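Below are the chains, spelled out letter by letter.
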Amino acid sequence: MFKKALKCLAAVIALAAPLAVVLFFSESDYGFYDPQSAVLKLSIKHAGHRTVECDDMQILKEEAERYRAMIKDTKSAKMKLKKLGSCSRGRNPVYVELYADERLLVSGSFEAGGWTKDGASFIYGKYPIAPGKRRVVVKMRDSGQSDAFDYSFSKEVEFEAGRLRVVKFDETGKKIFVQQAP
Amino acid sequence: MQRALDALENLIDETLSPRYNPLYCLGAICVFFLWVLLVSGVYLFVFYKIGSPYESVKTITENQWMIGAFFRGMHRYSADGLVFFALLHLSREFIRGRFRHGRWTQWVTGVLTLGVIWTTGVIGYWMVWDQRSQLVAELSSKLLDYLPIFGESLSIAFTTPELVTNLFFLIALFLHLTLPVLLFIFIWLHVMRVTKPRIHPPRPVYAGVAVSLAFMAVFAPVKSLLPANTDKIISVIGIDWFYLFIYPMLNSAPAWLSWLTISASTAVLIAVPWIFPKKRPAPAAIKTENCSGCAVCREECPYSAIFIRPSGPDAGTAEVIPSRCASCGICVGSCAFNAVDFPIKRHEDIMAEISAKVLGAGNKGPFKLFFACSHISGLDHAFAGHAGPDMRQAGLIKLPCAGMVNAGWIEYALKLGAGNVVILGCKEGAGWYRTGNTLLSERVAMLSDKDNASRVSVHLTSRLTEKTLHERISAVNEGVRLTGDV
Chain A
1 MFKKALKCLA
11 AVIALAAPLA
21 VVLFFSESDY
31 GFYDPQSAVL
41 KLSIKHAGHR
51 TVECDDMQIL
61 KEEAERYRAM
71 IKDTKSAKMK
81 LKKLGSCSRG
91 RNPVYVELYA
101 DERLLVSGSF
111 EAGGWTKDGA
121 SFIYGKYPIA
131 PGKRRVVVKM
141 RDSGQSDAFD
151 YSFSKEVEFE
161 AGRLRVVKFD
171 ETGKKIFVQQ
181 AP
Chain B
1 MQRALDALEN
11 LIDETLSPRY
21 NPLYCLGAIC
31 VFFLWVLLVS
41 GVYLFVFYKI
51 GSPYESVKTI
61 TENQWMIGAF
71 FRGMHRYSAD
81 GLVFFALLHL
91 SREFIRGRFR
101 HGRWTQWVTG
111 VLTLGVIWTT
121 GVIGYWMVWD
131 QRSQLVAELS
141 SKLLDYLPIF
151 GESLSIAFTT
161 PELVTNLFFL
171 IALFLHLTLP
181 VLLFIFIWLH
191 VMRVTKPRIH
201 PPRPVYAGVA
211 VSLAFMAVFA
221 PVKSLLPANT
231 DKIISVIGID
241 WFYLFIYPML
251 NSAPAWLSWL
261 TISASTAVLI
271 AVPWIFPKKR
281 PAPAAIKTEN
291 CSGCAVCREE
301 CPYSAIFIRP
311 SGPDAGTAEV
321 IPSRCASCGI
331 CVGSCAFNAV
341 DFPIKRHEDI
351 MAEISAKVLG
361 AGNKGPFKLF
371 FACSHISGLD
381 HAFAGHAGPD
391 MRQAGLIKLP
401 CAGMVNAGWI
411 EYALKLGAGN
421 VVILGCKEGA
431 GWYRTGNTLL
441 SERVAMLSDK
451 DNASRVSVHL
461 TSRLTEKTLH
471 ERISAVNEGV
481 RLTGDV
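Listed in order, the protein sequences are those of chains A and B. Quick note: the first sequence uses this note's numbering, first residue 1, plus one each step. Quick note: the second sequence uses this note's numbering, first residue 1, plus one each step.
Hints listed in this document are in silico derivations from the structure and should not be mistaken for laboratory results. A hint or two may mislead.
To be verified - Dumping the calculated DSS-like pairs for lysine-lysine here, alpha-carbon to alpha-carbon at most 25 Å:
#  : chain 1 : residue 1 : chain 2 : residue 2
1  : B       : K398      : B       : K415
2  : B       : K196      : A       : K3
3  : A       : K45       : B       : K232
4  : A       : K175      : A       : K45
5  : B       : K357      : B       : K232
6  : B       : K278      : A       : K7
7  : A       : K117      : A       : K175
8  : B       : K232      : A       : K168
9  : B       : K232      : A       : K155
10 : A       : K133      : A       : K175
11 : B       : K415      : B       : K279
12 : A       : K174      : A       : K3
13 : B       : K232      : A       : K126
14 : A       : K168      : A       : K155
15 : A       : K61       : A       : K7
16 : B       : K278      : B       : K232
17 : A       : K168      : A       : K126
18 : B       : K357      : B       : K415
19 : B       : K278      : B       : K398
20 : A       : K133      : B       : K415
21 : A       : K133      : A       : K72
Note that the coordinates shown come from a computational prediction; the quantities given were computed from them, not determined experimentally.
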């Protein structure tokens with residue numbers, strides 16, 4: 001009888017051991033950010049200037065004209081598609097510097113997206129910051145020039161504990177801004 | 001590690017019996033979790049709304065008289081149990097060294113299956129769209145953004161609430177539903193080279209796992225956190241370490257380091273069969289001239305390493321695929337025509353060994369010939385150290401697997417004058433070569449002289465000591481059955 005009870009107890013333990021492991025690891029706390037800090041998020045999607053300035057439309061127009069003339073004279077012609085692609089579509093990387101109270105949070109060049117580096121650059125990052133009023137300064141360059149900044153932003157921003165502020169770029173107004181929480 | 005595993009298995013054997021030891025059916029338990037996931041997943045899918053993910057999950061959890069909460073709990077805990085038992089399965093096979101040679105396909109597909117399980121589970125977390133989901137989605141995007149395959153940055157999509165559209169949840173739902181198809185393909189590949197794979201655990205194990213899941217689902221119900229809010233930072237939250245273990249690292253380390261860690265650990269895990277190589281034992285081969293084409297060897301080979309030639313001059317005879325052969329020798333035991341050439345221990349050598357042992361014992365009393373699986377721990381020690389008078393009348397022939405014992409050898413030993421033949425195989429459910437120990441009764445049934453069968457006993461054990469060997473010999477002398485006797 002005692003042996004049977006002991007066996008039952010052991011069976012319960014054998015079942016409970018994996019159960020306890022699953023329950024424990026299924027949800028255990030982890031601190032990703034200090035709850036007393038705020039976060040400044042940098043989230044910009046912006047395409048730098050093209051590395052080679054050329055008029056795609058003019059090239060297309062000229063090629064179409066040549067094609068039209070040739071087909072009129074010879075009744076056969078080949079469109080030189082290579083010529084259309086001769087103009088590089090590559091874009092300059094976007095260079096960004098971000099400061100909070102003169103403390104540099106990030107500075108770097110962000111490559112244009114896509115295999116041929118002809119898309120927009122994406123700048124994304126999260127930076128913990130102490131709550132309070134901070135002067136946020138953002139400088140951005142998209143023209144490939146080595147010294148001058150094409151856009152700059154400077155503003156006193158209130159940071160609350162546990163809240164986020166996002167630095168974004170307005171493509172229509174061509175300006176940097178900090179999005180306030182609703 | 002082998003010893004620790006032996007001790008753990010023995011402990012559970014003693015409490016639950018080897019038949020119901022969950023460690024012997026870890027893969028089958030994983031398959032059971034998959035079925036639970038499928039059934040509970042279908043239920044959740046019916047009520048899940050892409051347009052309002054958080055609210056729909058909340059409704060399922062709170063407004064369905066516990067039914068929704070129960071199914072959600074079953075879904076979550078079976079997903080966690082799946083990873084836990086898959087890791088146990090992987091670890092056990094690693095400790096036992098069962099990943100080399102012909103078994104590399106099972107190992108590699110097993111690791112890939114684990115990868116698909118993990119990916120599917122992580123995507124499942126996106127769908128709830130609470131704070132945890134938000135964090136997982138943001139950090140997953142950080143990881144994916146590092147790959148130059150997406151035109152747009154995925155991280156930017158989680159900057160503000162208005163950017164998180166229904167399309168995101170549609171993609172998550174689509175992936176969460178389609179990846180399991182890949183999972184079933186991998187599982188099929190995993191068991192493809194295994195004859196009669198064990199995909200159903202014994203009923204009591206089924207019941208135990210189901211009761212445990214239900215217990216957790218009822219008494220530790222799964223709840224959503226606060227709704228996702230991209231304006232607030234997520235500080236301390238509970239995470240599921242079975243799936244989200246990489247996320248603390250993703251949060252603090254650069255994406256390249258996370259990729260390096262993930263790819264390096266996956267590569268190492270996949271390459272285990274080649275990182276820990278061992279000289280491959282010589283595979284079995286068929287002596288075509290003796291083969292009758294009965295196909296019993298093909299049926300009994302645990303690794304589908306034998307086929308019957310469909311054409312050619314030797315059509316209708318068996319052929320061994322050397323790359324799949326685990327060199328267990330089970331085909332030797334299955335063949336009544338001495339048609340298998342097994343270089344590790346040839347038929348002729350064993351016959352000579354039987355003669356030497358039985359005839360060499362002289363006429364000092366009934367001789368007991370033991371055929372034993374060499375993977376039984378303590379075997380050599382038990383036989384070497386036992387110096388009792390009964391031991392002088394016992395002989396041991398070690399085989400790679402007890403399933404190698406051929407009925408012809410037993411008859412030969414008895415004919416020469418052996419009093420009894422004892423076959424020692426691995427414990428029930430824990431056969432080193434999968435089914436080798438389950439075939440032993442069939443080997444005895446193959447004896448042409450049925451009277452001989454009463455002089456043959458089969459005993460399944462994982463460990464032999466001097467004491468248990470002595471008990472075994474006494475039991476044979478007295479005709480008593482012991483635990484483990486078949």
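Here is what the structure says about each hint:
1. K398/B to K415/B: Holds, at roughly 20 Å.
2. K196/B to K3/A: violated (36 Å)
3. K45/A to K232/B: Within the cut-off at roughly 21 Å; holds.
4. K175/A to K45/A: With Cα atoms ~12 Å apart, K175/A and K45/A stay inside 25 Å; holds.
5. K357/B to K232/B: violated (80 Å)
6. K278/B to K7/A: violated (40 Å)
7. K117/A to K175/A: Holds, at roughly 23 Å.
8. K232/B to K168/A: Holds - the C-alpha atoms of K168/A and K232/B are around 17 Å apart, at most 25 Å.
9. K232/B to K155/A: holds (21 Å)
10. K133/A to K175/A: Status holds; Cα separation ~22 Å.
11. K415/B to K279/B: violated (38 Å)
12. K174/A to K3/A: violated (81 Å)
13. K232/B to K126/A: Judged against 25 Å, a Cα distance of about 12 Å means the pair holds.
14. K168/A to K155/A: Holds - the C-alpha atoms of K155/A and K168/A are around 13 Å apart, at most 25 Å.
15. K61/A to K7/A: Violated - the C-alpha atoms of K7/A and K61/A are around 89 Å apart, more than 25 Å.
16. K278/B to K232/B: violated (55 Å)
17. K168/A to K126/A: Cα-Cα ~13 Å, so holds.
18. K357/B to K415/B: Distance of about 13 Å is within 25 Å: holds.
19. K278/B to K398/B: Given that 25 Å is the threshold and the Cα spacing comes to 21 Å, the pair holds.
20. K133/A to K415/B: violated (99 Å)
21. K133/A to K72/A: violated (71 Å)
The structure is inconsistent with the numbered hints 2, 5, 6, 11, 12, 15, 16, 20 and 21, although it conforms to all the rest.
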